[in-house]
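There are 2 protein chains.
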Amino acid sequence: MGDEVTTCIDVSSWSCPLPLRDCPHIVMGHGGGGKLSADLVEHLFLPAFHRQESDCSEQSDSLSTLGDAATLRVQGTRLAFSTDSFVVRPLFFPGGDIGKLAVHGTVNDLAMMGARPLYLSTGFILEEGLPLAQLSAIADSMGCAAHASGVKLVTGDTKVVDKGHGDGVYINTSGIGLIPEGVEINPMRARPGDVVLISGKIGVHGMAIMSVRDGLAFDAMIESDTAPLNGLVQAMLDVSKDIHVLRDPTRGGVASTLNEIAKASRVGIVIDEAALPVPAPVRAACELLGMDPIYVANEGKLVAIVPPESAEPMLERMRSHPLGTHAAIIGQVSDQHPGIVAARTRLGTARVVPMQIGEQLPRIC
Amino acid sequence: MGDEVTTCIDVSSWSCPLPLRDCPHIVMGHGGGGKLSADLVEHLFLPAFHRQESDCSEQSDSLSTLGDAATLRVQGTRLAFSTDSFVVRPLFFPGGDIGKLAVHGTVNDLAMMGARPLYLSTGFILEEGLPLAQLSAIADSMGCAAHASGVKLVTGDTKVVDKGHGDGVYINTSGIGLIPEGVEINPMRARPGDVVLISGKIGVHGMAIMSVRDGLAFDAMIESDTAPLNGLVQAMLDVSKDIHVLRDPTRGGVASTLNEIAKASRVGIVIDEAALPVPAPVRAACELLGMDPIYVANEGKLVAIVPPESAEPMLERMRSHPLGTHAAIIGQVSDQHPGIVAARTRLGTARVVPMQIGEQLPRIC
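Just so you know, the sequences run in chain order A and B. Heads up: the first sequence runs through residues 7 to 371, numbered per the numbering used here. Heads up: the second sequence runs through residues 7 to 371, numbered per the numbering used here.
Take these hints with a grain of salt, some might be off.
Pairs of lysine-lysine residues, derived as DSSO-like cross-links and limited to a Cα-Cα distance of at most 30 Å, are as follows [what the hints assert, rightly or not]:
#	chain 1	residue 1	chain 2	residue 2
1	A	K41	B	K169
2	A	K41	A	K269
3	A	K269	A	K247
4	B	K41	A	K169
5	A	K169	B	K247
I should point out that these hints are in silico values taken from the structure, not numbers from a laboratory. From a predicted model like this one, the values you see are computed outputs, not experimental measurements.
Please build the complete structure, drawing on both the sequences and the hints.
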């Protein structure tokens, strides 16, 4: 007889980091680089694309390794092949712009396979009404970034969508790199006893974007760390070709990257929270917003997992490189709790660092 | 003292095929594959990207050849590398969907360099709220298309943009193909005396999309001709490796493709209007809409330019292939009027067939 309270929530319009894993629609989290993104690849794309994989004569060519790039062999030449789309807002942000990010992003995906990045394609989806001056600035930025990264932009495509659709500019870059013989870097190669390194201070790119996001802008002197990591990787390979894993912790941050590695290699990873290099402004901004820097995106950092004997020389070489000045050893690989990342807190206790479910910070790259 | 009539036209919201070449904003025509698209590449992208080209040690690797794909040499292996973004509306149309189109489009771009397409990347930009069932249907379609085309989808990326931005799904595919030694196919190789062939009936894809476009739908039994052309190209290469030019006349149709070739090769091209195979429903729909089939997009046809001695055997081989049943000789390359395409009309007169300026039919691929 009493009134029945019906709470009606329209989850389809949410864009917050909640576990909407049973929602039959795409939510922002599906693009967040966390658990929802992984679900989409595992349960939707891989089965759909698998019909051609099953006829695959060379099983080494596979989408299912889930690395930052595919590794291919064409007439004896080992290639890395990678693709990434960029939808960051705003288009220009402290320390960079969508064009710079689009070049660095794919250069880095190739570098994370130990490849020397060679060629990039550029696919533009432009919104009707975009000022040509903005497009020109972005294209200039891409030319500069490519030059600085030592890659060539060799082929391109442009589409235009109606005003009100798109966000000015979306860019896809795909890239081809050459993998030297003897280099076998992939997320499945972490072994118990291996040492986990980070190349520098974390959380910078995500917080730089956050600081200029509409409706959220706060006053922070944080510039994106966007940078091409192929030079640093080359320096590291000069120390030892036997690097087990390299990943750039972009969407989902260091936490999601380590979780992916732990899962792919079926190992546990233990990190030391106090060892994580977090810049003071990032820490302050994260506290303000209730975020954890370990989940915040980076665009110029890498996580490396190397055998224990090469950890110290590798760290030393990284620190002597301009992009590795603040490199640090942050943890170890363990045969305990496979698939799980744990952190030793500053209080000496341990906590599980789960994979991000959805989206902490939409549209960061 | 009288009223002054001020006609205020906001060109920035136009999406019609008018010459808005001095507009400082992106208009739909910049994505139309015609003169405005070419201007954008020539005057904006190439200069911006050139800063790295100038340090180019191998000048053969170049964006500036403007073919459907770049040709690269990596450790002695000749590769074709191509990228294409797909923004077609509606996502599902008679005879295909955006996924099928995205696979065929890049397969065909590689095939137009004489390459054997091997690997494709897939970059998705999804709109928040997209039903997963739709995405799943599109992914299935891509898997099938890749299987049928003999290529592997080896690496991918997914981004999600806010509801109201995007149009459900945008897809970028990039691809790598292997160019056999002895094959030199590019738009600069048309020579006076060469013969121009078309592999089948024209205008089908564009009119299929048009027939289901919101606010325009008309009743026509036209299905898109989207198809992978690599098999047909292989059959043609078996007749002779000395094919001079191959192009798939997508955006801008046969007219724009021939104009690009005439300009790139610095030759004239004369086509015979009566020889163009135009299906009756396409002709009827074009008459209704005041369009010319020669400007309408195709997604499963190719234009071939071959030396005169191989024209007949080539035509015969094309006609024996399922995708070349209606192949025809449609014209010749001339040393007259370089850079210009002319048509002999049914009345025996000649007319110039200019390049499309902007956009005849937005969002067809």
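To see whether the hints hold, each was checked on the structure:
Our distance criterion of 30 Å between C-alpha atoms is met by K41 of chain A and K169 of chain B, whose separation comes to about 21 Å. Taking the CA atoms of K41 of chain A and K269 of chain A, the gap is about 12 Å. The hint holds against a cut of 30 Å. Proposed proximity of K269 of chain A and K247 of chain A is supported: the alpha carbons are some 23 Å apart, at most 30 Å. About 21 Å separates the Cα atoms of K41 of chain B and K169 of chain A, which keeps this hinted pair within 30 Å; it holds.
In summary, the hint linking K169 of chain A to K247 of chain B is not supported, as the alpha carbons are separated by about 45 Å, beyond the 30 Å threshold.
Checked against the numbered hints above, the structure breaks only hint 5 and satisfies the rest.
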